[in-house]
Structure formats: C-alpha cells, structure tokens
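Q: Chains as they are written, first to last, in the numbering used here: chain A, 1 to 87; chain B, 1001 to 1172.
Be careful, since some hints might not be right.
If you only want the chain A side, here are some residues facing chain B, beta carbon under 10 Å, derived [to be verified]:
1. Thr40
2. Pro41
3. Trp43
4. Val54
5. Leu58
Derived DSS-like pairs: lysine-lysine, alpha-carbon spacing no greater than 27 Å straight-line [unchecked claim]:
6. Lys45(A) with Lys1151(B)
7. Lys1079(B) with Lys1151(B)
8. Lys1162(B) with Lys45(A)
9. Lys1151(B) with Lys1162(B)
10. Lys1151(B) with Lys1009(B)
11. Lys1079(B) with Lys45(A)
12. Lys1162(B) with Lys1009(B)
13. Lys1079(B) with Lys1162(B)
14. Lys1079(B) with Lys1009(B)
In case anyone wonders, no lab produced these hints; they're calculated from the structure.
Just so it is clear, CB atoms sit at the ideal spot from N, CA and C, and this is done for glycine as well.
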Amino acid sequence: MLLKQDACVKKTTPMTDLPPSPVAKRDSNVKPDHESTYSTPRWVKVFGIIALVVVLLLIILMLSGGEHGPWRHTPPSSAIEYGVQQP
Amino acid sequence: MILSPRLRKCALTAHLTCAVGWIGGVVAYLTLGVAAVTSQDAQTVRAAWTAMALIGWFALVPLALAALLTGIVMSLGTKWGLFRHYWTLISFVLTVLAVVILLLHMPTVSFQADVAQTAEDTSLAGLGGDLVHPGLGLVVLLVIQVLNVYKPPGMTPYGHRKQHEQRTEARP
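The task is simple: from the sequences and hints, build the whole structure.
A: Right, dumping it as structure tokens:
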C-alpha cells in the first residue's frame, strides 16, 4: 500500500519544481484546522540530531586543536613563519 | 509569484547547472588539495595551490552564488516556497552556510597560494593542505542534492499556516 502510494507520488512529481500537491496532501491529511498539532517529521528530527552531533564534534575539534575556527578565516598578517624567500 | 512553465524550466536548467558545477568544482579543488599535501615535488605543490586559488575564486565562488540565487528563484517562483517545506528550508540553510564559509575561507587560500609561490622549497611542506573545508563542503553539497532529488515530505509550521490561509481565502 505504501509502495503504491510512493509510486503514485513519484509518477506525479518527476521534476524538482512541480507543485507540492501530493506531498502537501499527505501532510495535510492530519488535522488541517489545527496547525499546532502538526508534528515534525522523523527524518527532520534525525537530520537535526546528526547535524547537532557534527557541529558539536567540530566545536570540540576546534577548541582542542586551537588552530582553527571562524576567527582564523582571515589571512595572517605576516608570512615570516612560512619561510618566504626575501628578494 | 509563480513562474511560467517556460521560465521555470529555464531557471531549473540554470540552477542544476550551477549546483552540479559547484560540486564538480569542489571535487577538482579536493584533488588539487590532495596533491598539495602528498606531493614531494615543490613545483607540484606551488602549481596545486595556484590552481586551487584560481578554481576557488573563478569557479567555486561564482557557481556557489549563482546556485544560491537560482535556488531562491526556483523556490519562490514555484509553489514549493522557501520556508514551507523542511527540505527546501534545510537546503537553503545549508547552501547559505556553505557559501558563507567559502567566502570566508577564500582569502586564506589566496594567501596560501601567494606564500607557496615565494616560499623556499624546504618550507613548502609546512604549508600543509586544504582537505577539511572541501571535504566537508562536498558532504554538505551532496546532502543538499539528495534532499532536492528525494524531496522528503514534511511541511513547516509556516507552510501549514500559509496553506490554511490559502484554503480559507479560497472558500466562498
């Protein structure tokens, strides 16, 4: 049944920019008059958890390494440390 | 404003070209980054850094900005909207994040390329490489691509509200 529904959705939404009618219908079948009752889809929650873990890992890596971060996205003012050849 | 079918196809073609081109550019950049890290030859390291700066400024940055712009046009010009569905919202946030990090990172790449040109052969190894940024960037771009192809269902609270408003307006 689910496969049938998915096949139908795929058949009617072959392009990236078509109106969201099948998806919207699926979403709106819940309780259209009470927006507060709409729950966040499971894939969004999983995605959010993974994103949070990745961000935390990056923060930990930056703090432990101490050599990287947004503050380092500007070129150093001096090139002496790289052993630049003097003219 | 909803685009006409002809304009929609034109915008979609432009968006796909820019987005896929951006991914290809990052793969090329990553390849050069690996060469800069692993090569023992000073000329190869210098050439790799020079090419990375060129690819960054003249391929990645324009393609990234164009992909962001055409993506916004595509979402606002169709019924998908920019904030109505989770997949469009997440794609937008990730694209903006990738563009901002790219723009912040490129001056460092230019600096490294300049240093590679003038540095002594022995100190070139100290330059290191640039694998983390393009690596993570590639993952982010692939996630965006998967979201855009699969379009997982799910409307945001804003999307539900807009849909409800439209239904209310449509009622006689």
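Q: Indicate, hint by hint, whether the structure satisfies it.
A: How the hints compare with the structure:
1. Thr40: Constraint on Thr40(A) satisfied, holds at 7 Å.
2. Pro41: Holds, about 4 Å.
3. Trp43: holds (5 Å)
4. Val54: holds (9 Å)
5. Leu58: holds (8 Å)
6. Lys45(A) with Lys1151(B): Between Lys45(A) and Lys1151(B) the Cα gap is close to 16 Å, so the pair holds against 27 Å.
7. Lys1079(B) with Lys1151(B): holds (14 Å)
8. Lys1162(B) with Lys45(A): holds (22 Å)
9. Lys1151(B) with Lys1162(B): holds (19 Å)
10. Lys1151(B) with Lys1009(B): Holds - the C-alpha atoms of Lys1009(B) and Lys1151(B) are around 18 Å apart, at most 27 Å.
11. Lys1079(B) with Lys45(A): Given that 27 Å is the threshold and the Cα spacing comes to 24 Å, the pair holds.
12. Lys1162(B) with Lys1009(B): Distance of about 25 Å is within 27 Å: holds.
13. Lys1079(B) with Lys1162(B): OK: Lys1079(B) and Lys1162(B) at ~11 Å, within 27 Å.
14. Lys1079(B) with Lys1009(B): holds (14 Å)
When held up to the earlier numbered hints, the structure conflicts with none and fits them all.
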